[in-house]
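The working numbering numbers the first residue of the sequence shown as 1365 and each following residue consecutively.
Rather than coming from a laboratory, the hints here were simulated on the basis of the structure. You may find that some hints are simply not true.
To be verified - Between beta-carbon pairs, the in silico distance windows are:
hint, residue 1, residue 2, range
1, SER1627, ASP1439, 39 to 45 Å
2, ALA1616, ASN1586, 36 to 42 Å
3, ALA1638, GLN1475, 50 to 56 Å
4, GLU1572, LYS1455, 16 to 22 Å
5, ALA1563, SER1510, 54 to 60 Å
6, SER1510, LYS1455, 28 to 34 Å
7, ASP1439, ASP1622, 26 to 32 Å
8, LYS1561, ASP1404, 38 to 44 Å
9, ASN1586, SER1402, 25 to 31 Å
10, ALA1563, SER1402, 32 to 38 Å
11, GLU1441, LYS1369, 28 to 34 Å
12, ASN1498, GLY1413, 37 to 43 Å
Claimed, not checked - Below, in silico cross-link-like pairs of lysine-lysine (DSS-like), each with a Cα-Cα straight-line distance of 25 Å or less:
hint, residue 1, residue 2
13, LYS1630, LYS1607
14, LYS1607, LYS1590
15, LYS1520, LYS1500
16, LYS1480, LYS1455
17, LYS1369, LYS1520
18, LYS1480, LYS1500
19, LYS1479, LYS1415
20, LYS1652, LYS1630
21, LYS1561, LYS1590
22, LYS1561, LYS1607
23, LYS1500, LYS1412
24, LYS1415, LYS1369
25, LYS1561, LYS1405
26, LYS1561, LYS1370
27, LYS1590, LYS1520
28, LYS1479, LYS1405
29, LYS1562, LYS1500
30, LYS1639, LYS1652
31, LYS1500, LYS1449
32, LYS1370, LYS1455
33, LYS1590, LYS1480
34, LYS1561, LYS1455
35, LYS1370, LYS1562
36, LYS1415, LYS1403
37, LYS1630, LYS1620
38, LYS1370, LYS1480
39, LYS1412, LYS1370
40, LYS1500, LYS1639
All C-beta atoms in this analysis are idealised placements derived from N, C-alpha and C, irrespective of residue type, glycine included.
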Amino acid sequence: MDSNKKPTIGFIGLGIMGSSMAGHLLAAGYSVNVYNRSKDKTTALVEKGAKWYDTVGDLAADSNVIITMVGYPSDVEDIYLGAGKILDRAKNAYLIDMTTSSPSLAIRIAQEAEKKGCHSLDAPVSGGDIGARNAKLSIMVGGTQSDFDVVLPILKVMGSNIVLQGGPGAGQHTKMCNQIVIAGTIMGVSEGLAYAKKAGLDASKVMESIGGGAASGFQLLNLGTKMIDGDFAPGFYVEHFLKDLGIALDEAGKNKLDMPALSLAKQLYDALVAKGCGRNGTQVLYTKYIP
């Protein structure tokens, strides 16, 4: 990749977070190629100068850097390893998967990318829709130091806390740590606010006190406020969080690690999906305590 020229970036997956992330790249002066299963979600980006591609393979062939932000590990596997798709068509490209996916799949993609002369990094993110909109995402990266150094200027356009955690798969393992902590924290926030309501307290006043003390944190200050307001619109879909919890439990099982809080969180979110809440935000967990 020519260090004197900005690379052309292909961005696949323009959902709640991906559309903001691609928009920041456009605003930073990068040429951006886009693909999304629902073409209408790319309209605003195309109007700002992004170039639409009808297939993943065609986008890959015309991009120096390919960023993916899709839903599930099965989607990641398909777009990277499927016939005629990224690894069949990319040429000496840098591949950055920012989906929360399986560490073992990240390792497999890195191995296949090396065979094809490409450079692969797993770089899942944390910060949700707010972090994506404000370019303040925390980005956890797995890959080689040399590849990380090449793509770091691009990652800095989308995030503010970017750390190389280790080799292939290390970014995904770090994201599992993140999701495990969040799972327990959201349960705590839900239970604390449910207790406040049942005790006859003014939840907003409770937030004034505990939001400035040891209980404070992103989940309390952002999702706690939404819980109080009855706002369950998605910043991060329940169904995607549930996918992450499943991966984390899988990986914990491989390491013979018992995780009772994580297991309970998965049970609670499974029940919410069964009630039709899969497309709500993760803060909808509050309704398990206060219907």
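Cross-check of the supplied hints:
Take SER1627 and ASP1439: their Cβ atoms lie about 25 Å apart, and the range 39 to 45 Å is violated. Between ALA1616 and ASN1586, the C-beta spacing of about 26 Å breaks the proposed range 36 to 42 Å. The hinted window of 50 to 56 Å between ALA1638 and GLN1475 is violated, with their beta carbons roughly 38 Å apart. Separated by about 56 Å at the C-beta atoms, GLU1572 and LYS1455 break the suggested range of 16 to 22 Å.
Checked against the hint of 54 to 60 Å, the pair ALA1563 and SER1510 passes, with Cβ atoms roughly 56 Å apart. Separated by about 19 Å at the C-beta atoms, SER1510 and LYS1455 break the suggested range of 28 to 34 Å. Taking 26 to 32 Å as the suggested C-beta distance range, the pair ASP1439 and ASP1622 conforms, at roughly 30 Å. Between LYS1561 and ASP1404 the Cβ separation comes to about 40 Å, which falls inside the hinted range of 38 to 44 Å.
The hinted range of 25 to 31 Å is satisfied by ASN1586 and SER1402, whose Cβ atoms lie roughly 27 Å apart. Taking 32 to 38 Å as the suggested C-beta distance range, the pair ALA1563 and SER1402 does not conform, at roughly 45 Å. Taking the beta carbon of each, GLU1441 and LYS1369 are about 32 Å apart, inside 28 to 34 Å as hinted. At roughly 21 Å, the beta-carbon separation of ASN1498 and GLY1413 lies outside the given 37 to 43 Å, and the hint is violated.
A distance of roughly 9 Å separates the Cα atoms of LYS1630 and LYS1607; the hinted pair therefore holds under the 25 Å criterion. The suggested pairing of LYS1607 with LYS1590 holds, with an alpha-carbon distance near 23 Å, which does not exceed 25 Å. With a CA separation close to 9 Å, the supplied pair LYS1520 and LYS1500 stays within the 25 Å bound. Simply put, LYS1480 and LYS1455 have alpha-carbon atoms about 8 Å apart, close enough for the 25 Å limit, and the pair holds.
Straight-line distance between C-alpha atoms of LYS1369 and LYS1520 comes to about 17 Å, which keeps the hinted pair within the 25 Å bound. For the given pair, LYS1480 sits about 33 Å from LYS1500 by alpha-carbon distance, which is inconsistent with the 25 Å threshold. For the suggested pair LYS1479 and LYS1415, the alpha carbons sit about 29 Å apart, so the restraint of at most 25 Å is broken. Using a Cα cut-off of 25 Å, the hinted pair LYS1652 and LYS1630 holds, with the two alpha carbons roughly 13 Å apart.
Only pairs whose Cα atoms come within 25 Å are accepted, and LYS1561 paired with LYS1590 is accepted, the gap being roughly 14 Å. Of the supplied pair hints, the one linking LYS1561 and LYS1607 is violated, its CA atoms being roughly 30 Å apart against a limit of 25 Å. Distance check on the hinted pair: LYS1500 and LYS1412 sit about 22 Å apart at the alpha-carbon level, within 25 Å; holds. Proximity of LYS1415 to LYS1369 is assessed by CA-CA distance (about 19 Å); at most 25 Å being required, the pair is judged to hold.
With a CA separation close to 39 Å, the supplied pair LYS1561 and LYS1405 exceeds the 25 Å bound. A hinted pair counts as satisfied when its Cα atoms are at most 25 Å apart, and LYS1561 with LYS1370 does not qualify at roughly 54 Å. A threshold of 25 Å between alpha carbons decides the hint, and for LYS1590 with LYS1520 the separation of about 29 Å lies outside it, so the pair is violated. Of the pairs offered as hints, the one joining LYS1479 and LYS1405 is violated, with about 34 Å between alpha carbons and a cut-off of 25 Å exceeded.
Restraint check for LYS1562 and LYS1500: the C-alpha separation of about 36 Å exceeds 25 Å, so the hint is violated. Proximity of LYS1639 to LYS1652 is assessed by CA-CA distance (about 11 Å); at most 25 Å being required, the pair is judged to hold. Simply put, LYS1500 and LYS1449 have alpha-carbon atoms about 30 Å apart, too far for the 25 Å limit, and the pair is violated. For the hint pairing LYS1370 with LYS1455, the CA-to-CA distance comes to about 17 Å; that is within 25 Å, so the pair holds.
Our distance criterion of 25 Å between C-alpha atoms is broken by LYS1590 and LYS1480, whose separation comes to about 46 Å. Using a Cα cut-off of 25 Å, the hinted pair LYS1561 and LYS1455 is violated, with the two alpha carbons roughly 58 Å apart. Simply put, LYS1370 and LYS1562 have alpha-carbon atoms about 57 Å apart, too far for the 25 Å limit, and the pair is violated. At roughly 12 Å between alpha-carbon atoms, LYS1415 and LYS1403 fall within 25 Å of each other, so this suggested pair holds.
Our distance criterion of 25 Å between C-alpha atoms is met by LYS1630 and LYS1620, whose separation comes to about 18 Å. For a cut-off of 25 Å, the pair hint linking LYS1370 to LYS1480 stands: about 23 Å separates their Cα positions. Between the alpha carbons of LYS1412 and LYS1370 the distance comes to roughly 18 Å, so the proposed pair stays at or under 25 Å and holds. Straight-line distance between C-alpha atoms of LYS1500 and LYS1639 comes to about 33 Å, which puts the hinted pair past the 25 Å bound.
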